[in-house]
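Engineer: Listed below, chain by chain, are the residues.
Number of protein chains: 2
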Amino acid sequence: MKKPLKIYLAGPDVFLPNALEAGNRKKVLCAQYGFEGMFPLDNKIDDPGEKRPHGFRISQANENLINECQLVIANITPFRGPSADAGTIFEIGYARAREIPVFAYSNTAVHFRERTRFFFRLKPDAVTDRNGMKLEDFEMTDNLMIDGGILASGGIIITREVPKKELYTNLEAFEECLKAVKKLKKH
Amino acid sequence: MKKPLKIYLAGPDVFLPNALEAGNRKKVLCAQYGFEGMFPLDNKIDDPGEKRPHGFRISQANENLINECQLVIANITPFRGPSADAGTIFEIGYARAREIPVFAYSNTAVHFRERTRFFFRLKPDAVTDRNGMKLEDFEMTDNLMIDGGILASGGIIITREVPKKELYTNLEAFEECLKAVKKLKKH
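The listed protein sequences derive, respectively, from chains A and B. Residue numbering for the first sequence follows numbering that gives the first Met the number 0, starting at 0 and increasing by one per position. Residue numbering for the second sequence follows numbering that gives the first Met the number 0, starting at 0 and increasing by one per position.
To be clear, the hints were calculated from the coordinates, so they are not data collected in a lab. You can take every hint at face value.
In the SDA-like style, the derived pairs of lysine to any residue whose C-alpha atoms are separated by at most 20 Å in a straight line are:
(1) B:Lys164 - A:Leu134
(2) A:Lys133 - B:Ala18
(3) B:Lys50 - A:Val126
(4) A:Lys50 - B:Thr158
(5) B:Lys122 - B:Arg112
(6) B:Lys164 - B:Phe118
(7) A:Lys184 - A:Gly153
(8) A:Lys50 - B:Ile156
Isolated chain A (complex conformation) (with noise of 0.2 Å):
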């Protein structure tokens, strides 16, 4: 028998309350479409017993489990700020360098210019934020850099509106997602 294809789930979901349980759902999603689902937390991590120590063996165990991965789906949903969550940034940039697709979701369709200007309350005309910098105005999810790394990697970004309390942890968007990918692999 064919092994599963590995995805690696990239997001903010390991910040959940319970995360455990968080990521255990968005498994049993993958093995339903016949992938395996490798969760950052799976990874078995001895706690060296000093935070920083602690911290890069983390690191190093997610950078190891992405190269085990085929695929990544990235939870982009903006996350404390307008820009998806700073690791799961890292690991699409890691992923996409490593020619590993990447498919992404956000639970918000808002684009990142609109979001930029609401997060800081800009006014609606805005070009540049209060310090006086430039914001990117090119109808992306996010960063051109993250926008256009998944689409050069042969992913594709779904995004939805969920309702409010449910930003993260709706798994339409990442269904979508596996369906998509579904879709690729059978050609």
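For this one, chain A is given, so just place chain B on it according to the hints.
Structural biologist: Structure of chain B alone, referenced to chain A:
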């Protein structure tokens, strides 16, 4: 004569009102240390007349420029939130996966956890944000993937406090990175 080491200059500097001038200041400093600084805005991009295709061209040109470089110096000063600029984070992950050393600097020396608390006006002992999502607590400069990726790449992170109005323009920590690279290349 040996070709100078090419350094990709990543950072939100591209959003400064006088971005080309800011890039040139960095390139002049690079040259003083015997390196060739490559600034993203140096890329000649034909504007296809539509925003999204234009953005994708910039993204591809930046990826190609990183591929040409032997080293990255990234400005990870927090930008529009507690973390570094999204495009810069993507580029750090990208370079890391290509085994290109990444040196980084931040014009604030405050740890990521404290910055996140401050940015969102959380209590000093908060362990989650207002959405109940966990705060990282690894005594790092930014998300652990960023600090971890940079250190694993062979690079270092230099942080220092600068006057607030120089947050995105002060180049002292940038120059410290150049000195560190110079030292490394002598061995």
